[in-house]
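Protein chains in written order, with my numbering: chain A, 1 to 466; chain B, 1 to 247; chain C, 1 to 360.
Think of the hints as simulated: they come from the structure by calculation, not from any bench.
The reader is advised that the hints may include incorrect statements.
[Said to hold, decoys possible] So the derived list for chain B, only partly shown, Cβ under 10 Å to chain A, looks like this: (1) L52; (2) T76; (3) R107; (4) M110.
Remember, it's a predicted structure, so these values are computed and weren't measured experimentally.
Where is the CB? At the ideal position from N, CA and C, for every residue including glycine.
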Amino acid sequence: MKKTNVEEINRNIYDIKNEDKYEFKIRKGLTPDIIAEISNQKQEAEWMREFRLKALEVYNSLELPTWGPDLSELNMDEIATYVKPKSKLNSSWDDVPDDIKNTFESLGIPEAERKSLAGVGAQYDSEVVYHSIKEELVKQGVIYTDMETAVRDYPELVKPYFMKCVSVRDHKFVALHGAVWSGGSFVYVPKGVKVDIPLQSYFRLNSPEAGQFEHTLIIVDEGASLQFVEGCSAPKYNKVNLHAGCVELYVKDNAYLRYSTIENWSKNMLNLNTKRAIVGKNAQVDWVSGSFGSKISMLYPMSILNGEGAKTEFTGISFAGKGQNLDNGFKVVHNAPNTSSVIDGKSISKNGGTCTYRSLVRISENAKNSKCSVSCESLMLDSLSKSDTIPVNDIRTDDVEFSHEAKIGKISDKTIFYLMSRGLSEEDAKAMIVRGFAYPISKELPIEYAVEMNNLINLELEGAIG
Amino acid sequence: MNNTLLDIRDLYVNAEGQEILKGLNLKINKGEVHIVMGPNGAGKSTLAHSILNNPTYEKENGEIIFEEEDITDSKTDEIARKGIFMSFQLPEEIPGVSVTNFLKYARNKMTGKPVRLMPFKEEIRGYMEQLDINPSNMERNLNVGFSGGEKKKNEILQMLVLNPKLAILDETDSGLDVDAIRTVSKGIQMYKNDENAVLIITHNAKILENLKVDYVHILVDGKIVKTGTEELAGQIEKEGYGKYKLE
Amino acid sequence: MMDKIRLNETPVRTSVKFGINDIVLDDFTVPEEITAFDSVTIKDRAGQVTTNERIKDTSLIYGVGEILEDQVNEQSNQNIKIVMDQKNQENVELVFDFQGKDHCLVDNIEILAEEGSKGTVILKYKSSKDNADLHEKDYHNGICRIKAKKKSDIRVIVINLLNEDSRNFISLESNVEESAKVDIITVDFGGRSSVSNYYVNLEKNNSEGNINSIYLGKEDQKIDINYMAHLYGEKTNIDIEVQGALKDRATKSFKGTLDFKTGAKKAKGNENEFCMLLSDKAKSKALPMLLCTEEDVEGNHSSASGKVDSKELFYLMTRGFSQKEAMKLIVKAKFSHIIERIEQEELREEILAEIDKRLD
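Turn these sequences into a full structure, and let the hints guide you.
This is the structure we're talking about:
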């Protein structure tokens, strides 16, 4: 009995639950009154309050998607959309309350900050409890703060961009996000400024039957560059939690942004997230995405290549185990000449998990001389699991080079035999192949996160293989 | 003291429902170099795969003894750890795993001891130089995008790094140019000593030019039909397998 | 105003915004009155083909759409049953000639390949009358069911040479028994809209189903292709290859679904789709799906779109070909390995001549 306990704790630092302490937790459900109350709690500007109420109307007018995973178990009357933690926003870890600080310590956030980050934001339930940025970046005019502060202090930077890249009409859950959003990070990198060391935001949802709706808005101005890393996790509860965040990225002419995510939500989470980038002339956005957690995930980051010569790369992996349905993928729209995209999507299904790669490539009429290459590969680790590939390719002009390749199947017996003939056990051989399969993603991550990802893979493989 | 490394007794093996090996006997002692030659489809590769107990091949009868231990039904990785190495005719590609990391991991599995990276890299670099392998291959993904020759040389590199008691080379020379065959022979000479043995499976005799061979076996239709010395290989090269097939 | 009809729905839906879950033809209504269609030529050995015997209405698993399926069941003006048995290794050819008053064909065809049989069935639909003096536009709505018994090996070649004003709808369905093989070759050139649907059920072990298709679109032609394969049996095998070229404002949607079911051990499926865009107004959409609940399978798909290689074009022009001729040559070259699968030389020549004519 004791042994089992120890194993469970060792197995997953992500599962450490704190007591559900909060300063304020909104009652469950979704009504104009509740939205108004969230707005009051935040003491925010009138325009934002009106925006929220309008978004709620849109939410009520839209239907659930007619495709993808079954979302019928989601009952918004059972979800508290706003949980204010018992902590104000701090700029020193010493000021963060112990239980919250310990959570982030065990996730390795302060340590990563000391070693390899230029700035950190940490959100606990609905509010950001810690934010910091290196002094030299501040001197160069870089802004990195929580979203509420940005709305209050930089309305001229926020208002023209906030939910303009992703419209609240886009789908039901982004309308929901517009109504109840809370927390998240705002980054502004001024023209020509290169931020060489990554910034990182970490999102932790501790409260049961609650939702997290953080909004991330990043503007990389002309000729500037930035690497941004996002991590998320939650302890597991019996009832569903909801995450409907929104990420809006504006990559101006000649700018560069790399946006990396390691998502490890607990397996009671519905992750209905929306991420989108608008990319300017000769600018580039690269997405790196590892999706391990969640019960259901519907996540399709999107690059809109609006400027001539704009580029995007997407490298993503999903790993679905028992009880998980990860419907992930990527969307790209080529809207200008000489644009290019490279897409590499991978998935692993085991132990009854379902992975779906769903995508859109659209090359518009005026995207002359554009290039797109897509490769997706799905690994099935047993016959209890499911793996679907549903890619749409929509080519509307002739002067393009477009190619798409996909593969589905198991680890080859020949490969396993080869590795076993070098002394590796069958389990070791399979684990090596799976880690190699995921390597194109882990190599794109900062080293700490690559290690974290490999640990996640090892955790996921335990018991799955053999 | 018993000098025998490998002893195969009356081995019958099926693959995809077809009988391939039909009562094969073969004995290899320490310090010996054996060649198994035979026409296509005689069962040469089946022999190599059966020694390593590839589950695709089904053993119907017979036994394989290695250092006085029955390994007929042992798992492939256990057989490998006992000291049998096989160089593959078509080495598998392993994306996302570098040559160095792979070798380090395999060495650790073989010896059960931690491998220190820096001296290990030096050791590999030394072998690579001898085998005329571009040192930048150390960081490349194992076999991915390697040419046919690079793959075969990489197999020989693995043999040197893992230093087995018995090395089985399955058609390691096929598809190689003269220079590459010479390099492969050189690798075998570097490896070979009085305590280990080599079993070379091939359909032509070119590789023998640079090697001292103790026994040549002719494998036809699942059986060793003749065993001789180096001259036998020369004879086959001239006359082919015709007269052994007729029976 | 009638409700718009949705046709050729995909077995699994994706986002409505992607506009590929189905096709809606807004300038088309299903004709209510079906007149007679008599110009059918049948080449066979006596007794192999029976006509005018109603085919029983087993409903299609997929099909182009319910309303069109109902029309075939209720109003078909050609009912044809073809039996291939071990003695009859000859080929059967049916030619449906749209001419004179014969402008409206609703056909219901059943092909039964008896155990161990081998042979080819050719279904050719062509418009013979001149476009200019058309009063009624040609309309074809057909169903063809193929039952391949054990160890049979059957090839069905469907050739659509209707004119560019016509409407073409066809639903094919195959059930393939143990160690049997059904090869489908389609040549899809005609129709202001051409909507084709094929479902193959590889239910039994070692069954095989292949599809090789070529299509050509010009002016405002709309081509909608929806292929689905269910792989249930062990060592089942499917190969799909689709090659096409689009000119002017032609559009094409290709939907191909390989569905590997649990138990389909060692099954293999390949799906390759290529589209040559010959104009900057032509549009090519594709949704090549792989669905899988069995570990021990190999599934691959690839798709590519782009214009004719300018180096290739230049090379041919230095050899004295005009740009148009060079273009035709390149299109024919891309199609050649599919066309070459057709054993009948006359038919091959006819197809090549049609390509020349339609690309003029």
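Hint check results:
Against a cut-off of 10 Å between C-beta atoms, the interface hint on B:L52 holds, since the closest Cβ of chain A lies about 5 Å away. Because the beta carbon of B:T76 sits about 4 Å from the nearest beta carbon in chain A, less than 10 Å, this interface hint is met. At a threshold of 10 Å, the smallest CB-CB gap from B:R107 to chain A is about 9 Å, leaving the interface hint in force. A hinted interface residue such as B:M110 counts as satisfied when its beta carbon comes closer than 10 Å to some beta carbon of chain A; here the least separation is about 5 Å, so the hint holds.
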